[in-house]
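Using the sequences and the hints given, assemble the complete structure.
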Amino acid sequence: MNQSDRDQRATTGDPVRRATMRDVAALSGVSIKTVSRVINGVSTVSDDLRDRVTRAITQLDFQPNLAASSLRRTDGATRQIALLLEDVANPFSATLSRAVENVAREHDTLVFAGSLDEEPQRELELVRAATLHRVDGIIIVPAAPDHGYLHREIRTGTPVVFVDRPPRGLAADAVLATNTEGAREAVLHLADHGHTEIAFLGDESSITTVGERLTGFRRALAERGLPERPDRVALDLPDPGTAARAVAAMLDSAHPPTALFTAQNLVTIGAIQTLQARGLHHDVAVVGFDDFPMADLLAPRVTVVAQDVMRIGTLAVQRLFERITGDDGAPREERVPTTLIARGSGEIPPPAG
33 MNQSDRDQRA TTGDPVRRAT MRDVAALSGV SIKTVSRVIN GVSTVSDDLR DRVTRAITQL
93 DFQPNLAASS LRRTDGATRQ IALLLEDVAN PFSATLSRAV ENVAREHDTL VFAGSLDEEP
153 QRELELVRAA TLHRVDGIII VPAAPDHGYL HREIRTGTPV VFVDRPPRGL AADAVLATNT
213 EGAREAVLHL ADHGHTEIAF LGDESSITTV GERLTGFRRA LAERGLPERP DRVALDLPDP
273 GTAARAVAAM LDSAHPPTAL FTAQNLVTIG AIQTLQARGL HHDVAVVGFD DFPMADLLAP
333 RVTVVAQDVM RIGTLAVQRL FERITGDDGA PREERVPTTL IARGSGEIPP PAG
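Under the numbering used here, read the sequence shown as residues 33 to 385, first letter to last.
FYI, nobody ran anything at the bench for these hints, they're computed from the structure.
Bear in mind the structure is a predicted one, so any value in this text is a computation, not a measurement.
Errors might be hidden in some of the hints.
Pairwise CB distance ranges (calculated) [stated by the list, open to error]:
| # | residue 1 | residue 2 | range |
| --- | --- | --- | --- |
| 1 | His314 | Thr228 | 18 to 24 Å |
| 2 | Glu138 | Pro262 | 48 to 54 Å |
| 3 | Arg184 | Arg251 | 35 to 41 Å |
| 4 | Leu283 | Ser237 | 18 to 24 Å |
| 5 | Gly189 | Glu138 | 20 to 26 Å |
| 6 | Leu329 | Ala362 | 24 to 30 Å |
No residue lacks a Cβ here, since even glycine has one placed at the ideal position from N, Cα and C.
Rendered as structure tokens:
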């Protein structure tokens, strides 16, 4: 199809066939092989041939098939990586995605993101889709309880880097936060402000980070000689609504806590909703794990244990590109320190007496 035919179809609304390398070769009067060499930036093509092919590409609005061209590259690279997140709408995930994209751009690589929604089956489906599209590597915040299924992908050349949660049943690179120490610091902070009745609220108990943060909570209580009460630990709170109800139940108990350690940002939001609804947001102390938008604009401003999510994402994608470019060293785990940011809610003292 020549350009006049394409223009005519576009004007009448008829479907327009994509131009092919064969069309470019015919219009520029060169071989398909020469067109391919120009597209792939081979330096031995003469300036005259390069100009003819470039003009034909522009005239035909030709778009190369990058997936097909990757099969012809000597390295087989597609210049695409997959980023599999807990939930792309979560502030943690959004920041992580931004960090990964920043580095990927430097490597002329596209990032395709998807949400696992804490569903192991969804993880399997998205990993399979990514490998079928021949991505160069995968960064994953895992949901599955066992990652042995990724042995084959890694052996056949698709590197995988885990973020936020370590792999299970698989030796692979991972970039994580200092969850246990961060939680311990949060609870010690509450204890140092006079609290002895401190509650723990966390999301899905099957998630590794929840277990690590609960361990930090318990270590801090032990260091201060404070008892752990079973009715002061609430787990499996996947969203703000369930967290809000859990806090309400604790406040209605015979021995309500005077301080809350909320082990995930959505849990923190739910806890604050209940405290505000009851007019207790200036009376019950809160320290949350993970910062979130507007945490420093609420009244009181929310004290948090902040993860350096940009640093975590940057280290993860840098590690992935090291693997993509040939690093075959032993897998390693990196821990990025957390930071306690005191803003007001974590410094509320317990009631007098």
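Hints and how they fare:
no.	hint	result
1	His314 / Thr228: 18 to 24 Å	20 Å, holds
2	Glu138 / Pro262: 48 to 54 Å	50 Å, holds
3	Arg184 / Arg251: 35 to 41 Å	39 Å, holds
4	Leu283 / Ser237: 18 to 24 Å	22 Å, holds
5	Gly189 / Glu138: 20 to 26 Å	22 Å, holds
6	Leu329 / Ala362: 24 to 30 Å	45 Å, violated
Of the numbered hints given earlier, the model fails hint 6 alone.
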